[in-house]
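K.L.:
Chain by chain, the residues:
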Amino acid sequence: MREQRERSIQPAAAAQEGEEPQEEFDELDRLFIEHLPRLQPPAEVMERILTLTRQSASPRRLASEAPRHQSWQDGKSQDDGSQRADGHT
Amino acid sequence: MAKQERPAVNIDGILAQKALAGDERAFEMLVKRYQTALFSFIYHFLGDYDQACDILQQVCLQLYISLPNLRTGEPLKAWLFQVARNRCLDELRRKRAVHFSELEGSTEEDEPSPLDAMPDSGPLPEELAERHDLQRILQEAIQALPPRFRAVVLLRYLAQLSFAEIGQALQMPEATAKTYFQRAKPLLRAALHEYTGRITAALA
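If you're matching them up, the sequences are chains S and L in order. My numbering puts the first sequence at residues 1 to 89. My numbering puts the second sequence at residues 1 to 204.
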């Protein structure tokens with residue numbers, strides 16, 4: 001079973017403090033970085049997303065209405081997969 | 001060594017606050033900042049273009065309803081990829097449970113490839129074919145990785161996140177993210193071995 005603990009997002013402390021040296025990329029890395037395609041999502045998908053958000057209630061209201069919606073910080077999991085996979089559950 | 005400020009964090013925070021206040025344009029800008037990296041990550045994770053579209057939509061809508069809870073001073077990028085990764089895993093799990101055979105057929109040659117829609121700068125047909133071939137091999141190498149390695153590799157290569165950020169996105173220690181990445185690389189090398197051998201032979 002997949003771990004369900006969804007921790008809050010903390011600042012990248014080590015990186016911010018400069019502790020993490022900039023890892024160098026080797027040839028293999030460069031091959032993937034240069035050639036693995038970056039894809040633009042279809043315009044209609046983006047339009048649909050924006051249309052849905054325009055048509056919906058404000059985020060505040062949606063959040064208050066969403067059942068068992070997890071806080072950004074609370075780090076708990078959802079049993080319901082459709083709700084859980086929200087990055088902070 | 002001077003610390004690097006992370007302007008992306010502040011920009012995200014400003015946009016998120018504006019979006020929360022009802023500024024539709026701000027939300028649009030927020031989405032556009034990450035749409036390519038997110039979509040590429042999702043697509044390469046799943047290997048399914050249509051599902052990638054669906055999941056991108058889910059991630060963006062999740063962002064919208066999560067705006068009130070976002071801490072605007074913290075990196076949004078890692079959170080977005082965390083959401084995307086979780087959605088992808090859900091999808092993979094669902095596919096395995098319901099349509100396991102689809103996973104095997106997901107690399108059919110006759111599938112319309114999103115790569116076809118990529119702009120190019122007018123290479124020769126041979127170069128185009130070779131580039132397409134390489135991209136396909138890279139994609140297949142990524143797809144062949146175990147999902148936990150795949151997520152790390154994609155975040156590293158597509159989003160170029162630091163290992164600290166990858167750790168945040170995938171809820172694992174930074175050291176684990178590094179370890180996964182290093183373990184994935186021999187697998188990638190092995191997958192590419194045939195291709196590089198062919199290129200070497202052709203150049204010899």
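Treat the hints as calculated values from the structure; they're not laboratory data. Note that the coordinates shown come from a computational prediction; the quantities given were computed from them, not determined experimentally. It cannot be assumed that every hint is accurate.
Output of the computed footprint for chain S on chain L, the stretches with three or more beta carbons under 8 Å from beta carbons of chain S [to be verified]:
no., segment
1, 43-56
2, 128-135
3, 152-166
Now the in silico label distances, taken between C-beta atoms and shown as ranges [said to hold, decoys possible]:
no., chain 1, residue 1, chain 2, residue 2, range
4, S, Arg48, L, Arg93, 20 to 30 Å
5, S, Arg30, L, Leu124, 43 to 53 Å
6, S, Ala57, L, Arg189, 42 to 52 Å
7, S, Gln55, L, Glu194, 17 to 27 Å
8, S, Arg48, L, Arg183, 37 to 47 Å
9, L, Glu130, S, Phe25, 36 to 46 Å
10, L, Glu194, S, Arg60, 31 to 41 Å
11, L, Arg93, S, Asp26, 32 to 42 Å
Glycine included, every Cβ here is placed at the ideal spot set by N, Cα and C.
K.L.:
Please go over all the hints and tell whether each is borne out by the structure.
P.N.:
How the hints compare with the structure:
Only residues whose beta carbon comes within less than 8 Å of a beta carbon in chain S count, and the segment 43-56 of chain L has 5; three or more means the coverage holds. Check result for the segment 128-135 of chain L against chain S: holds, 3 residues qualifying (beta carbon to beta carbon below 8 Å, three or more required). Coverage of the segment 152-166 of chain L by chain S holds [criterion: at least 3 residues with CB-CB distance below 8 Å; count 9]. The hinted window of 20 to 30 Å between arginine 48/S and arginine 93/L holds, with their beta carbons roughly 25 Å apart.
A hinted range of 43 to 53 Å is violated for the C-beta pair arginine 30/S and leucine 124/L, which are about 23 Å apart. For alanine 57/S and arginine 189/L, the hinted distance range of 42 to 52 Å is satisfied, since their beta carbons lie about 50 Å from each other. For the hinted restraint 17 to 27 Å between glutamine 55/S and glutamate 194/L, the CB-CB distance of approximately 50 Å leaves it violated. Checked against the given bound of 37 to 47 Å, the beta carbons of arginine 48/S and arginine 183/L, roughly 38 Å apart, stay inside it.
Between glutamate 130/L and phenylalanine 25/S the beta carbons are some 22 Å apart, a value that contradicts the proposed interval 36 to 46 Å. The hinted range of 31 to 41 Å is not satisfied by glutamate 194/L and arginine 60/S, whose Cβ atoms lie roughly 54 Å apart. Between arginine 93/L and aspartate 26/S the beta carbons are some 33 Å apart, a value that agrees with the proposed interval 32 to 42 Å.
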